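Keeping their order, the protein sequence lines are chains G and X. By this note's numbering, the letter at position 144 of the first sequence is numbered 144, and the numbering carries on one by one without gaps. By this note's numbering, the letter at position 10 of the second sequence is numbered 10, and the numbering carries on one by one without gaps.
These are computed hints drawn from the structure, not numbers from a lab. All values derive from a computational prediction rather than experimental measurement. Note that beta-carbon positions come from the ideal geometry of N, C-alpha and C, so glycine has one too. Among these hints, one or two may not hold up.
[To be verified] Only some residues are given here: those of chain X computed to face chain G with a beta carbon under 7 Å:
hint	residue
1	4
2	39
3	41
4	52
5	64
6	96
Listed below, chain by chain, are the residues.
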Amino acid sequence: MSIEIATTTCDLLVVGAGPAGLAAATEAAALGLSTVLIDEQPAPGGQIYRAISSTPVQNRAILGEDYWHGLSLLEPFARSGARHLPAATVWSVNTLDAQPGTEGDGDGDTDTDGRAAGFEVAYSVAHPGQDPQAALLHCRHIILATGAQERPFPIPGWTLPGVITAGAAQILLKTSGVVPEGRTVLAGGGPLLYLLAYQYLNAGVKLEAILETTDSAQWRKALPHAWGFLRSPYLGKGLKLLRAVRKAVPIVSGVTALEAIAGAGGQVAELRYQAAGQRHSMAIDQLLLHQGVVPNTNLSRAIGAEHVWNERQDCWEPMVDAWGATSMPHVSIAGDGAGIAGAVAAEHRGRIAAVHAAAALGRIGKATRDGKAASHQAALARATRGREFFEVLYRPLPQFRRPVGDTIVCRCEEATAEQVRHAARIGCQGPNQLKAFLRCGMGPCQGRLCGLTVTELIADEQQRHPRDVGYYRLRFPTKPVTLGEIATLPQTQASRDAVVRFKK
Amino acid sequence: MFRRIDAAVLQATDRKVRVTVDGTALECREGDSVAAALFAAGVLACRDTAVSGAARGPYCMMGICYDCLVRIDGRPNQQACMARVRDGMTVERQHGAREVAA
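In isolation and in its complexed conformation, chain X is listed as follows (with noise of 0.2 Å):
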C-alpha cells in the first residue's frame, strides 16, 4: 500500500481534484499523475496484459516501460503516469488485447 506523506507536510494550498476509477469516486491532488493518484489510493494494478493477461501496474513511473496503460475517458493505452488528474475525468482499467468490434 501508498498513502500521502503527513498533512503538515504537504502544501497547504492543495486543490482537489476528483476523477472516477472503475465507477469509485476518488479525490486527488492537483498536479497528481493518474498512476499517483491510484497508488494514493491503494490500487498497485491497473491492467491486464494483451499476451498473458497476467495484472501489472506502474513500474518506472517516467514514461518508458508502458506497464500503466489505462483507458482515460474512453480512451485506451493511456500512460498513467504521463497523463495529470482533471476534474471528472474518468479512469478505467485496461483488460488486455482490444477485441475485434461484434
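Chain G on its own, in the form it takes in the complex (with noise of 0.2 Å):
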C-alpha cells in the first residue's frame, strides 16, 4: 500500500532546524560526519527564522534586520553536505544495543569510548493529502536542537478562540503576513512582546494596548544585573526598540491580574485587568499572550535525559556540560532546548555541540576540539552577557504562574487549577498520579501546555520545592502518530518475530 523507505544511516542526527540545528549540521558536515537534519517545518528556519527563505514580508525593515541574519544560516548549510529531511517529525529514539556483525555504517570508524552502537529513531514524513509515512534512521550521535516554546500564560479565558501566542501572531506576520486587525492588546512581559509590537508598527498595524505585567519591583531587583546587560549587544537596539513602541502604543504598566471574557460569538471580546489596585475593562478583538520562552524538553526527556529546575526561570532544562551533553552518552543538546539564551547563542552553541560530536565519534581529537570550539565559546560568551537583566526583570508573577479557581491548567483535558490544586490537597503524589486523577497532560500536546503550571501548583499546595515535585514521566511517542503510521514502519524479521513468539 505504500512505499517502504529504506533505513537511513548517518554519523549524526539534528533534530531542529532553528540556528542551532543549521549551525551544528553544517559545521558536523565540514567535519566529516554524515549528517541528517530532520525538522517539522517545510523549510530551515525553526521559529526565530520561520519561512525565512519563503516570507512574503519582503520589506526588511518590517520583520528586522535580526530575522533577516537566518539568512545568512542557509547557504552554508545547502552547500554543507547535511542532508536535509523536511516535514518530518522525529517521534521515538531508541539505544540499539551493539550487535556483532550488525554494528556500524560499514565505513570501518570506530566509536571511542566503546558504549551503545549507536540510536534507532522512528520519524514520520507528512506528504500533502496522505497520511505521513513513518520511517527509521540509526545514527550514532544525537543533536537536539528542538529549541524554545512560549511559557503557559493560564489566564482565565486563555483558551477562547482570539487569545493567541505573541510568538503565535509573530509566526502568522512571518509566514503569510497575517496581522491582527481591529482592537488588538498585548499582554504580558518579555523581549518578544516589544519586539512583536515594533514589528507591527513597522507593518501599519495599530495596536489598543500593552498590559505589561512587568512590575517596579523587578526593575529594583534587576538593576544589580544591569552592568552586563549594559555591556551587551541587546542594549543600543533593545533601548531604540522600546522607545519607538512607548511613543506608538498606550503602555499599562504593573499589570497584576489579567481576564478574558467570551461575547456572545463565543470568541474573545473584552479583557478584564487590574494595574494599581484598580480594576478596569476594555472591549478588544484579540489578545496576545507572551511572558517569556522555555526550553521545549519532551524529545530530551523521553530520551531519558536528566533536567534540573532553572530557578531565575522557574522551568526545567536540561542538564548539560560547557559540550550541550547530557546524561546520556552520545545526546547532546544545542540552542534554547539546552536552556535559553537566545538565537545568536544557539548559532554558537550549535557549532560547539558538533565539534563535539566529532570527537565523541573519534573524528577528531581533544586539541582539535578545542582548538576548533575556541572562537564559538567566545562568542558565545558575548551573546550571553546581560541576560541575567532580561531573566530577572521579566521573571512572570507568581500569579500568572500559579492560577487558582476555574482558570484551564490542562487545556487538552480541560482541568481546572482548583481541581489540580484540590488533588494536591487530599495528597497526590505528584504530576504523575495527577493524571489518573485528572487526566491532566494525557490530551495530545503530551503536557507541553500544562506540564510547568501543574509542577508549580503541585509545589504551591504542598508547600514543595518545584524540583522535588517532579514533572510529567514522558515517552515515545513524543507527537501523536497513528497506528496506520506505525505500520508503515519498515518490518524485519525480528520485528515480525517478536509478536507471533508465542504462536506455534
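Put the two chains together into one complex, using the hints given.
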C-alpha cells in the first residue's frame, strides 16, 4: 500500500532546523560526519527565522535585520553536504544494542568510548493529502536542537478563540503576512512582546495597548544585573525598540491580573485587568499573550536525559555540560532547548555541540576539538552577556504561573487550577499521579501547555520545591502518531518474530 | 479579526490557492498554513473540544498545542498550523469527540 522507505544510516542526527540545528549540521558535515537534519517545517529556519526563505514580508524593515540574519545560515547549510529531511517529525529514539556483525555504517570507523552501537530513530514524513509515512534512521550521535516554546500563560479565558500567543502572532506575520485588525492588546512581558509590537508598528498595524505584567519591584531586582546588560549587544537595539513602541502604543504597567471574556459569538470580546489596585475593562477583538520562553523538553525527557529546575527562569532545562552533552551518552542538546540564551547564542552552541560530536565519534582529537571550539565559546560568552538582567526583569509574576479557581490549566483535558490544587491537597503525590486523578497532561499536547503549571501548583499547595515535585514522565511517541503510520514502518524478520513468538 | 498586510509589501508573485472551509470557497496564498488561511479569512475558532464542546482556535501556531485540529479532506485531527493549503483542499470544523458509527 505504501512505499517502504529504506532505513537511513548516518553518523549524526540533528533534530530541528533553527539556528542551533542549522549551525550544528553545517559544522558537523564540514568535519566529515555524515549528517542528517530532521525538521518539522517544510523549510529551514526554526521559529526565530520561520519562513526566512519564503516570507511574503519582503520589506526588510518590518521584520528587522535580526530576522534577516537567518539567511546567512541557509547557504552554508545547503552546501554543507548534510542531508535535510523537511516536514518530518521525530517521535521515537531507542538505543541500539551493540551486536557483532550488525554494528555501524560499514565505513570502518570505530567508536572511541566503546558504548552503545547507536540509536534507532523513528520519524514520520508529512505528504500533502496523504497519511504521514513513518521511517527509521540509525545514527551514532544525536544533537537535539528543538528550541524553545512559549511559557504557558494560564489566565481565565486563555483558551478562547481570538486569544493567541505573541509567538503565534509573529509566526502569522512571518509566514503569511497576516496581522491583527481591530482592537488588539498585547499582554505580559519579555523581549518578544516588544519585538512583535515593534514589527507591527513597522507594518502599520495599530495596537490598542500593551499591558505589562512587569512591576517596579522587578526593575529594582534587575538593576544589580544591569552592568552585564550595559555591555551587551542588546542594549542599543533594545532601547531604540522600546522608545519607538512606547511612543506609539499606550502602555499600562504593573498589571497584576488578567481575564479574557467571551462575547456572544464565543470568541474573546472583553479584557478585564487590574493595575495599581484598580479594576479596568476594555473591549477587544484579539489578545496576544506572552510571558517568556522555556526549553522544549519533551524529546530530551523521553530520551531519558536528566533535567534540572532553573530557579531564575522557573522552568525545567536539561542538564548539559559546556559542550551541550547530556547525561545520556551521545545525546547532546544545542540552542534554547538546552536552556534559554537566544538565537545568536544558539548558533554558537550548535557549532560547539557539532565539534564535540566529532570528537565523541573519534573523528577529531581533543586538541583539535578545543581549537575549533575556542572562537565559538568566546562568541557565546559575548552573546549571552546581559541575559541575567532580562531574566530577572521579566520573571513572570507568581499569579500568572500559579493560577487559581476555574482557570483552565490543562487545555487538552480541560482540567482547572482548583481541580489540580484540590488533588494536591488531598494527597496527590505529583504530576504523574495527577494523570490518574484528572487526565492532566494526557491529551495530544503531552503536557507542553500544562506541565510547568502543574509542577508549580502542586509545589504551591504542598509547600514543596518544584524540583522535588518533578515533572510528567514522558514516553515515546513524543508526538501523536496513528496506528496506520506505525504500520508503515519497515518490518524485519526480528520485528515479526517479536509479535508472533508465542504462536506455534 | 486578522487581515493580510498591504499588498504593496507582499511579494508580487503570490500564487493563489483555492480551498473550501465548511463549504465556503476561500482564496489563500500558496505557502499559507491552513491556520493562517483561516485567520486571514476571519475564522478564529476551528473546532469544538472533545471534553466540553467549547470552541477553540489555533493558539501556538508551531505545532505544540493541538488546539487547531480540523478535518482536512475527510481526515480528522489534522493540525491546521502544520498543514499547508493545496488547491481543492476541503477543511471542516472538527466537532467534539469522534462518534461510534451506527
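How the hints compare with the structure:
With a cut of 7 Å, the hint placing residue 4 of chain X at the interface with chain G holds, because the nearest CB-to-CB distance is about 5 Å. Because the beta carbon of residue 39 of chain X sits about 5 Å from the nearest beta carbon in chain G, less than 7 Å, this interface hint is met. Interface hint status for residue 41 of chain X: violated, as the beta-carbon distance to the closest one in chain G is roughly 10 Å, over 7 Å. For residue 52 of chain X, the interface hint holds, the least distance from its beta-carbon to any beta-carbon of chain G being 6 Å, beneath 7 Å.
With its C-beta approaching chain G no nearer than about 5 Å, residue 64 of chain X sits inside the 7 Å limit, and its interface hint holds. For residue 96 of chain X, the interface hint is violated, since its Cβ never comes within 7 Å of a Cβ in chain G; the closest pair sits about 12 Å apart.
The structure fails hints 3 and 6 (numbered hints given earlier, in ascending order).
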